[in-house]
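**Q** Keeping the supplied structure of chain W fixed, place chain B upon it in accordance with the hints.
So the protein lines, in turn, are chains W and B.
Numbering-wise (the working numbering), the first sequence opens with residue 932 and increments by one.
Numbering-wise (the working numbering), the second sequence opens with residue 20 and increments by one.
Please note that a few of the clues may not be correct.
[To be verified] Derived DEER-like restraints, expressed as beta-carbon distance ranges:
(1) B/Pro299 with W/Met990: 35 to 43 Å
(2) B/Gly214 with W/Val1098: 38 to 46 Å
(3) B/Leu121 with W/Leu1069: 47 to 55 Å
(4) B/Phe170 with W/Leu1009: 55 to 63 Å
(5) W/Ala1113 with B/Arg131: 22 to 30 Å
(6) W/Asp1194 with B/Phe254: 32 to 40 Å
It is worth saying that the hints were derived from the structure and are not from the lab.
In this text, all values refer to a predicted model and were calculated from it rather than measured experimentally.
Note that the Cβ used here is the ideal one computed from N, Cα and C, for glycine as well.
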Amino acid sequence: MDWTLLIVQLLNGLQLGVLLFLLAAGLTLIFGIMDFINLAHGSLYMVGAYFCATFTEFMDSFLLGVLVALPLTFLVGLVVEIVIARPLYGRDHLDHVLATFGVILFFDALVHLVWGPEGYAIPLPAFLDGQVGLALGLVLPTYRVLIIAVGLFIALGLYMVVSWTRVGMLIRAGASNRRMVAALGVNIDLLFTFVFAGGAVLAGVAGLLIAPITEANIGMGNDILLVAFVVIIIGGIGSIRGAFVAAILIGLIDTMGRSFLDDFMKLFLSNQNAETAAPAFSAMLIYVLMAAILYFRPQGMFPPRVR
Amino acid sequence: MSGLTLRSGVTFGSLAFLAIVPPLTGAMDAPFVLDIVMRMLCLAIAAISLNLILGYGGMISFGHAAYIGIGAYAVGIPAYYEVYSGFLQIPLAVGMAALFALVTGFICLRTRGVHFIMITLAFAQMAFFTFVSIEEYGGDDGLVIDFKSEFIGWLDLEEPVTLYYVIFVCLLGTIYLVKRVVASRFGMVIQGTMGNEARMRALGYNVFLYRLICYVISGAICGLAGALLGNFTGFISPEMMDWTRSGELIFMVVLGGSGSLFGPVLGTAVFVIAEEYLTPVMNLFAAGSGVYWHIVFGPFLVLVVLFGRRGIDGLLDGRGHRDD
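Chain W on its own, in the form it takes in the complex:
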């Protein structure tokens, strides 16, 4: 086995994992506190990427693009919360799914209208575009290392905010028992509006981080959204820690599956069968895992205590 390849793929898996975490963190809090299924979370990921692409081009600087894109994504998150989500709290899950499905269609078409059907590339500044040598003679693109570092840094920051600050305490309390928190005089609606918009920013960060690699494109949020849902279900709805562990796990499993499953399956199957079956099976792997977890442990790996 080629060890360099293995380590590179592990880091790629980690990269996918931290991106998934950025999406899943907002999703799991929105879900955990307000019991609201937000399919449109992926649209915020896409919107963040497009904002960043536009302003990077406009101001000719990736960093400035990021700085402008984040508050704008926050605003979009606020609008979606106030217009769409707020009237739907306490309603059926079915209503959430349908309404936010409508929001996805709307955002996809809107992006199509504003930015056109083509993908939108984000050029990286020179100091991020190079490669960086790591230990053991490994060479990685600087930007991928940056994604992992930023992702882990945000995860750590989020963890500290949620565990050690007053706001974080309210968020955790809201996730365990919303009514009780409201009864104690906390303005849970306001808190939630900010959690929602904050989640939108995290989703936007994930989108604009990946966009220089994949380009910003329409529907980019839809596929990763499904995976993010798998993450929060496996991790336990409402749990940041669960979302983190599950995101890294899913990121690794998915990446490893895609790169090594065909070799692995060749041990049992003919070459040709393995080559056709492996991509599909690796795409399925995370769903199989989710189905298994739901079957044996429906509340996920780290469910928040006390409902």
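**A** Okay, now just chain B, sitting in the frame of chain W:
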């Protein structure tokens, strides 16, 4: 069932209209309208099947498009091996869909609420990726069905009008079947589990088993819808079971009125009409804007959810009764 209400008027009026669509489109020389209505009828059967579990049983399946795909491939794969007999294809479609429902239902139905939504979605994704991967049957690109199902000369489905009436009769059969199921003791138990599961359990019903049977019936009907849709389009691809298709099916049910017998048909009609005609209508107002029909359709969906809770069926009957 008392007298002629607005709702029964609309139901029978729509069915009577659907019965005379082929001669009408024939007279107007508008075969594409016949195609649109045929597609609508296939989707309506699927929507009715979803409504059986969603509207009456409270099981929100977010993976129902998988059954359409399974039904369609049960026509396409035999056709690929030049087996065109409908007597094989149709039972195969219904059987495979029922089997898929049985196996996945056994796992899904242990969960509730959002977990159920997500696990049905997960299984549909697995089905989707399975068909994407089988390159023998076209993979991503899909599969062309050269000849439609054959019924030893009894029916010629290549003839659009014949195909139309076959689909129409299937729709009538489905409506009748669901009506009987819902009104039966079995259907009462299913509706009871939606209202209060704990109470049904306390009354001694094996809720899991009842739900599983209901889920399998629904899957089987949807498999039939897929087989018909495959015959109609003559082309099948994994895209038929994309998760957005499942979302659209839910929308058809809710728009029409979940838990009403005929509502899903009306919901499907509105959906298909919007899909087909929103583009040209928007082009009338601003040339080229029709590509963006989702900009209108998405908010429409949101508005239906926010304000039209009981769907079209609720408009037809303001008194709050769910079924007549």
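**Q** None of the hints should be skipped; say for each whether it holds.
**A** For each hint, the structure was consulted:
Range check, B/Pro299 to W/Met990: about 40 Å between beta-carbon atoms, so the 35 to 43 Å window is met. Judged by the Cβ atoms, the range 38 to 46 Å given for B/Gly214 and W/Val1098 holds: they are separated by roughly 40 Å. Under the hint 47 to 55 Å, the C-beta atoms of B/Leu121 and W/Leu1069, about 49 Å apart, fit the expected range. Look at B/Phe170 against W/Leu1009: about 59 Å separates their beta carbons, and that is inside 55 to 63 Å.
At roughly 25 Å, the beta carbons of W/Ala1113 and B/Arg131 sit within the given window of 22 to 30 Å. The hinted range of 32 to 40 Å is satisfied by W/Asp1194 and B/Phe254, whose Cβ atoms lie roughly 35 Å apart.
Going through the hint list in order, the structure satisfies each hint without exception.
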